[in-house]
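Engineer: Spelled out from the first residue to the last, the chains are:
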Amino acid sequence: MAGISIEKLCKAFGPVVAVRDLDLEIAEGEFVSLLGPSGCGKTTTLRMLAGLDFPTSGSIRIGGRVVNDLPPGKRDIAMVFQSYALYPHMSVAENIAYPLRKRGVPRRERDAKVMEVARLLRLEALVDRKPRHLSGGQQQRVALGRALVREPQVFLLDEPLSNLDAKLRAHMRAELIELHRRIGKTMVYVTHDQLEAMTMSDRIAILHGGLLQQFGTPADVYERPANVFVADFIGTPSMSLFEGTLHRQGGQLEARIGSMVVPLPENHVTWSGGADGLAIRLGVRPEDVVLGDIGEPAVVKLVEPTGHENIVLLTLHGLVVTARLGADVRLRPDEAVHVGFRTAKLHIFDRDAGTRLNTDGPARVTAFRGLQSIGQR
Amino acid sequence: MTSAVLGNVASPRRFSLQRHYALLGMLLIAPTILIFCAVIVYPLITAIYLSLFSIYTPTLQGDWVGLENFRTMFGSPEFWFTLWTNIIWTVGTLTLQLLFGIGTALLLNQNIWFRSLARSLILFPYFVSTVVAVLVWRWMFNDVYGILNHALLAAHVVSMPVDWLGQMPNAMASIIVIGAWKYSPFVVIAVLARLQTIPQQLYEAATIDGAGVWGRFWDVTLPQLRDVLVVIVLLRTIWDFKEFDLIYLLTGGGPVTSTQTLPILVYKQAFGLNAMGTASTYAIGMLLVLLTFMLLYLARVGRGKESA
Amino acid sequence: MRRRPGDKSIVATVATWTVVLATIFPLLWMAITSIKPQSELFRIPPAFLPESVTLEHYRTLLEDTPFLTYFGHSLVIATSTTLLVLVLGVLGAYSLVRFSYPGRERLALLVLFTYLLPSVVLVLPLYLMMVKVGVANTLFSLVIAYTTFSLPYALWLLRAFMAGTPEDLEWAALVDGASRLGAFVDIVLPQMLPGIISTAVFTFIVGWNEYFYALVLVNSDSARPLTTGVMNMLITSFNIEWSLLMAAAVMMSLPLIVIFVFLQSYLTRGFAASGIKG
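Residue numbers (our numbering), protein chains in the order written: chain A, 1 to 377; chain B, 1 to 308; chain C, 1 to 278.
Because the hints were derived from the structure by calculation, they are not lab data.
Heads up, the beta-carbon is just placed ideally off N, CA and C, and yes, glycines get one too.
Please note: incorrect hints may appear among the correct ones.
[Said to hold, decoys possible] If you only want the chain C side, here are some residues facing chain B, beta carbon under 7 angstroms, derived: (1) VAL20; (2) ALA22; (3) LEU27; (4) ALA31; (5) PHE99; (6) PRO125; (7) LEU126; (8) GLY182; (9) ILE205; (10) ASN209; (11) TRP242; (12) MET252; (13) LEU256.
Whole structure, please, built from the sequences with the hints as guidance.
Structural biologist: So this is what it looks like as structure tokens:
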């Protein structure tokens with residue numbers, strides 16, 4: 001049973017706190033991404049999982065046993081580094097064989113396993129080459145091979161695709177997903193690219209400033225972001241966010257954004273009401289902005305055609321809103337239009353705390369609901 | 001993230017693996033530290049200890065004299081004269097080393113035929129033994145058979161062979177030049193390495209702005225060299241200042257004591273005059289001079305860096 | 001004709017090679033003198049190129065003088081020092097660069113400082129120490145003494161080289177199951193090989209060329225290295241035999257020539273690693 005259990009993990013480098021009170025339960029066989037901007041603590045966490053860095057406090061359990069004081073080699077893990085870290089003076093075969101060598105596996109068995117992995121990753125023709133004679137994609141596969149050959153319980157991957165060009169990256173992403181499905185082992189994947197995290201993970205742990213922001217499925221994280229940071233970080237183009245106040249006016253819940261008044265469904269938000277209203281931030285995703293014949297008057301500011309759709313910036317009551325519209329919509333700058341929001345999809349956040357106030361969620365941490373839960377509710 | 005060294009000692013509650021790594025690290029450097037203590041730290045302390053005694057070298061018997069040796073040293077004209085000679089030698093040879101070194105480096109940075117061969121050959125004087133250098137130069141300086149005297153006589157520059165090492169100011173000039181000959185390659189290599197990293201675009205931009213050859217050197221090359229030169233000057237000053245082999249073997253400090261530097265004085269005191277305590281005192285004195293220089297130099301450079 | 005960037009400059013070539021040839025002229029002259037027959041040697045005026053070439057001086061040097069003994073001594077001393085310094089230096093550099101323990105930074109600075117100590121200060125106490133321990137006048141005493149100044153520089157060099165190798169290779173090795181020392185031997189040392197060779201070459205040359213410590217610590221032919229040995233030959237001879245001395249000078253430079261032919265890039269690499277770093 002090789003799940004990972006992180007309890008109250010803290011890491012400080014002198015006065016700088018990189019990871020703060022992290023609690024994470026990763027189920028066996030799950031693919032979890034650690035996502036966040038640079039400096040958020042995701043790589044530090046991964047390194048502590050690997051045993052390359054030491055927690056200031058807190059504990060890490062792999063497969064039920066505490067590994068804090070176990071050297072990396074004894075944790076039954078494998079790691080793929082951002083730079084691949086292939087041993088330059090060894091051939092591809094020797095690189096892949098190294099972990100087995102360290103474990104004392106006899107030569108014949110070693111060679112057999114290496115060839116098996118090489119075949120799996122289509123590296124048979126390259127086994128005698130040195131890393132410097134390989135392309136980026138090939139190097140990456142060798143790094144994967146070296147990790148696979150150990151048959152560990154947990155795979156740790158530190159932004160393994162960031163050094164590849166866009167097309168190759170998309171290809172490798174698919175390969176990694178396929179690989180995970182085939183071997184079914186726990187994978188912890190560090191990335192700053194939300195697209196990678198969204199497409200590959202069972203669950204995503206979003207980190208910012210060393211603190212866990214949200215831990216949930218891609219759907220959870222997209223549809224029910226726990227706070228403003230997550231809401232803004234996930235989704236391209238980003239959610240449009242506005243400051244305003246929440247009021248209950250004669251039984252009607254409404255949000256006042258500047259001169260605009262947005263009516264909200266009755267139990268949309270957890271709020272008991274108050275005469276002065278509540279300071280909030282209102283968020284609307286581009287696809288929830290609707291153009292029509294009626295609605296609020298707006299002016300087109302900028303149109304960005306992407307081929308399969310149009311990203312349009314609109315000025316509405318002095319605010320700038322991003323809308324995602326179909327490719328067939330023809331608009332020009334300074335054109336006047338009418339705009340509405342899918343009010344059921346509006347996100348309301350407490351302005352000071354940043355937390356989401358909608359009643360349909362969120363748990364900051366949603367439990368693991370089994371593999372293949374992407375897209376399910 | 002900058003170098004994340006394995007095992008960051010960040011909190012009082014250390015885990016045993018972390019401590020294990022720390023201990024391993026200390027273990028690896030322990031033999032080095034031991035040797036250091038034995039052949040550097042211990043002798044250094046002993047040297048200070050010795051300087052407080054008056055010791056007769058052959059028997060190594062001595063009496064305590066306290067700071068008497070130091071008082072004598074600071075009051076001795078020979079000490080100050082030797083210090084002065086040392087400074088002249090150091091400044092002279094350092095200046096030549098810098099001029100020759102930078103100039104040669106600039107040349108070797110150009111696109112020329114057989115450039116790598118030229119760069120290799122220029123290193124020879126530095127790596128050849130001082131003994132070899134001395135033998136060669138003494139042979140060239142020979143009054144009867146030496147090629148230098150022969151060339152000068154044949155060109156009618158002089159009418160009699162020159163005594164290169166036995167007369168002043170010839171002796172000082174000779175050792176300064178030979179010192180520059182031997183040690184310039186150090187400057188050449190260090191400067192050349194730095195020159196090769198200066199982006200071509202800086203020169204191109206300067207040319208577009210109207211800078212000529214001299215202008216480009218002054219405004220592009222020199223500022224880029226500043227950091228390397230600071231280090232070179234520091235190292236070479238210290239090494240030239242404590243140079244023993246070259247001067248001792250060329251002139252022995254002579255004629256009389258005209259080229260006697262502090263290291264030679266120390267040697268003479270210890271083994272010529274059999275006064276090991278005094279010799280140690282002079283050595284400490286020399287160390288103090290060097291330390292003072294280093295501190296002043298680094299302070300000045302530090303200030304210069306802030307204003308730059 | 002407009003000169004393009006790739007073109008070699010004739011003017012610069014002439015200027016540079018003039019300088020280079022003038023600089024190595026003394027050494028060329030030394031080699032030429034050593035193969036001139038005795039008769040030509042003392043001709044006035046001296047001719048530049050020899051009319052006939054002879055190896056008689058070399059034969060005399062090797063057969064009639066203790067030169068070979070001195071050569072053997074120097075070989076032993078320089079090699080031993082290099083090995084000792086390399087082992088200590090490599091482990092020490094690893095410790096200084098890849099480990100973390102209290103006092104580490106201070107140690108590094110101390111190493112730097114000792115590099116600048118004048119040998120004059122240390123030699124007298126070292127002499128006393130050798131006498132007391134009973135190893136005065138032996139090859140061993142010189143190996144210990146040479147370590148004095150070789151080790152700090154070797155540490156500085158090796159540290160610079162090691163800091164220049166990527167860390168994640170060691171991390172990968174650790175994850176793959178290697179111990180720290182295992183990772184060191186399997187991964188770090190092969191990476192460091194150019195740096196180790198550079199340091200070895202430097203240390204060897206310095207040990208080979210050392211004069212002052214040999215002068216003070218050894219005064220019998222049983223342990224004399226080349227430097228003091230050859231100078232001794234010069235002083236004790238009644239007639240200064242320049243031909244012999246020139247041959248000796250050439251032979252003394254033999255290791256240097258060998259290194260230049262085969263390992264020259266390692267020399268410059270070592271220089272660069274130490275020279276540019278502040």
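Engineer: Going back to the hint list, which numbers does this structure go against?
Structural biologist: Numbers 2, 4 and 8 - these are the hints that the structure violates, sorted from lowest upward.
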